[in-house]
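Once you've looked at the hints, dock chain B against the given chain A.
In order, the protein sequence lines correspond to chains A and B. For the first sequence, position 190 (counting from the first letter as 1) is numbered 189 according to numbering that gives the first Met the number 0, and the numbering increases by one without interruption. For the second sequence, position 32 (counting from the first letter as 1) is numbered 31 according to numbering that gives the first Met the number 0, and the numbering increases by one without interruption.
Bear in mind the hints are in silico, worked out from the structure with no lab data behind them. Honestly, I wouldn't trust all of these hints.
With a cut-off of at most 27 Å between alpha-carbon atoms, the simulated DSSO-like pairs for lysine-lysine come out as follows [as the list claims (entries may be wrong)]: (1) A/Lys90 / B/Lys262; (2) A/Lys254 / B/Lys91; (3) B/Lys262 / B/Lys272.
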Amino acid sequence: MNAFEKLCLARSNNRPTSIDYIEKVFDNFIEFHGDRRFADDKAIIAGIADLYGRPVTVIGLEKGRNTSERMDRNFGSAHPEGYRKTLRLMKQAEKFHRPIICFVDTSGAFCGIGAEERGQGQAIAENLMEMMTLKTPIISILIGEGGSGGALALAVADEVWMLENAVYSVISPEGCASILWKDASKADKAAQCLKITSQDLFKLSVIERIIREPKNLNDNKLFLGLKDLLNNTLNKKCSIPIDELLESRYQRYRKFGN
Amino acid sequence: MSVFDSDIFNFIKPKNELEEQGNISDNQPFVPDSMWIKCPVCKSAILSSDLADNQMVCPKCNYHFRLTARKRIECTVDVETFCEFDKDLTSKNILDFPDYSRKLSKAVTTSGENESVITGTAKINNIKIVLCVMDSSFMMGSMGTVTGEKITRAFEYAADNNLPIIVFTVSGGARMQEGILSLMQMAKTSGAVKRHSDKGLLYITVLTDPTTGGVTASFAMEGDIILAEPNALVGFAGPRVIEQTIRKKLPKDFQTSEFLLEKGFIDAVIDRKNMRNTLFNILKLHIPFNKGGLD
Chain A
0 MNAFEKLCLA
10 RSNNRPTSID
20 YIEKVFDNFI
30 EFHGDRRFAD
40 DKAIIAGIAD
50 LYGRPVTVIG
60 LEKGRNTSER
70 MDRNFGSAHP
80 EGYRKTLRLM
90 KQAEKFHRPI
100 ICFVDTSGAF
110 CGIGAEERGQ
120 GQAIAENLME
130 MMTLKTPIIS
140 ILIGEGGSGG
150 ALALAVADEV
160 WMLENAVYSV
170 ISPEGCASIL
180 WKDASKADKA
190 AQCLKITSQD
200 LFKLSVIERI
210 IREPKNLNDN
220 KLFLGLKDLL
230 NNTLNKKCSI
240 PIDELLESRY
250 QRYRKFGN
Chain B
0 MSVFDSDIFN
10 FIKPKNELEE
20 QGNISDNQPF
30 VPDSMWIKCP
40 VCKSAILSSD
50 LADNQMVCPK
60 CNYHFRLTAR
70 KRIECTVDVE
80 TFCEFDKDLT
90 SKNILDFPDY
100 SRKLSKAVTT
110 SGENESVITG
120 TAKINNIKIV
130 LCVMDSSFMM
140 GSMGTVTGEK
150 ITRAFEYAAD
160 NNLPIIVFTV
170 SGGARMQEGI
180 LSLMQMAKTS
190 GAVKRHSDKG
200 LLYITVLTDP
210 TTGGVTASFA
220 MEGDIILAEP
230 NALVGFAGPR
240 VIEQTIRKKL
250 PKDFQTSEFL
260 LEKGFIDAVI
270 DRKNMRNTLF
280 NILKLHIPFN
290 KGGLD
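With the rest of the complex left out, here is chain A (with noise of 0.2 Å):
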């Protein structure tokens, strides 16, 4: 499969979104609205559950399961409320020491006057900056598209994980095609470019690990696996020194380009 055809398969309706993950790998999630600011954006899902006992905020781009779901949910591009009530629960998060799991899967922050009115660049900006150095282990995992910054808004952590179908790009290959060759069709050759698939991004060691993917990727295997996995990580993330955890997620971030 190239590029191209796993961003086809990223942005398939039929893969399962952040809700479905939220409601099969944690027991008892709780969801919060809101970033007592503003509003509540519908494209970020996020609040609390239970991880074998163990209490976690759970956060996720949520671009809704059928068409109804998909126009009530912007189909997963975030507003700067979105980005704003992420930190808030982030925060939340920190001070009741609760490990963070956020779940990418957006074409990237909205594109629009509200947004921008509201400060879609500094929401987004202030979210990279915090969680730098929020004092809880975070994991990210993108589980279908990664776009550009609104993605990267849930993806400062200590590990980032990548389904093996998943993409995460700093722009869309349809936008690259258009500004570079002024052609949306040469997207193909742009998503090839960009290296934007799983394989390509765990060489360039931007992620940690990539899920392999079942051939039905509803069966309950993904969810269990991933579940564990989960599990095991945080129990070791949990036992590293603050400072350390710190530390390192800096220098997960400042090797790029050292």
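This is chain B only, laid out in the frame that chain A set:
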């Protein structure tokens, strides 16, 4: 991530009466075209030397032309105090992206710089600072790994040496030819800003035209104090991308400095001629009270 077409340096010569009638003769006084610059806003013709004397601001309508990083440093800091870091750090085509190597060498030739940001230490009225100045003439100030690296090193140096830092931003966003590695620079620079901030040190951002994309969504919006030049385009998504997404024309003045001021995202809009003094006054008020005046 957008590409901006700049036609602000369209040189024109205002026509005199004779020329308009088409009967110019060889013995007419002649002013070379290159000596005139047309203001893109008020359309008046300005002698290029007058414009340069006025820090590249239109004397008629206050339109702020874009400045190169070197010129910016010249009008901001004390004479001969700028001491550059990492001058020879250059970008490589890490992902082997088509045509990127050629674009890089072209950018080096046209801008005379090795990357889209210049960093170093300097003084403003004798107060020592770390300074980062981006340059739009190098691939529209886009942020590649070397851009991110230079900015990160500048913040780390400022943190290690307890210095305030000032960053002048101008950028089309992350540099797509470096793919995900340019996206990672957003997190990397933000981490360095946070470390500097956690030491209780001052970071002032000055947004200049245009500041967009991944730079807006990282260090540009992370300053303790955020200033902007008048009428600069500042936003996350570029206006063309927004118009394509919402299929509507954007209101006039959308995403300008003044718009951001009104919405509460920047501290002040400052004319170029007052920038140096404003920066000095802010710096001065951040010298710890018990440590006495300037050195």
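Hint by hint, here is what the structure shows:
no. : hint                : result
1   : A/Lys90 / B/Lys262  : holds, 25 Å
2   : A/Lys254 / B/Lys91  : holds, 16 Å
3   : B/Lys262 / B/Lys272 : holds, 25 Å
In this structure, none of the earlier numbered hints is contradicted; all agree with it.
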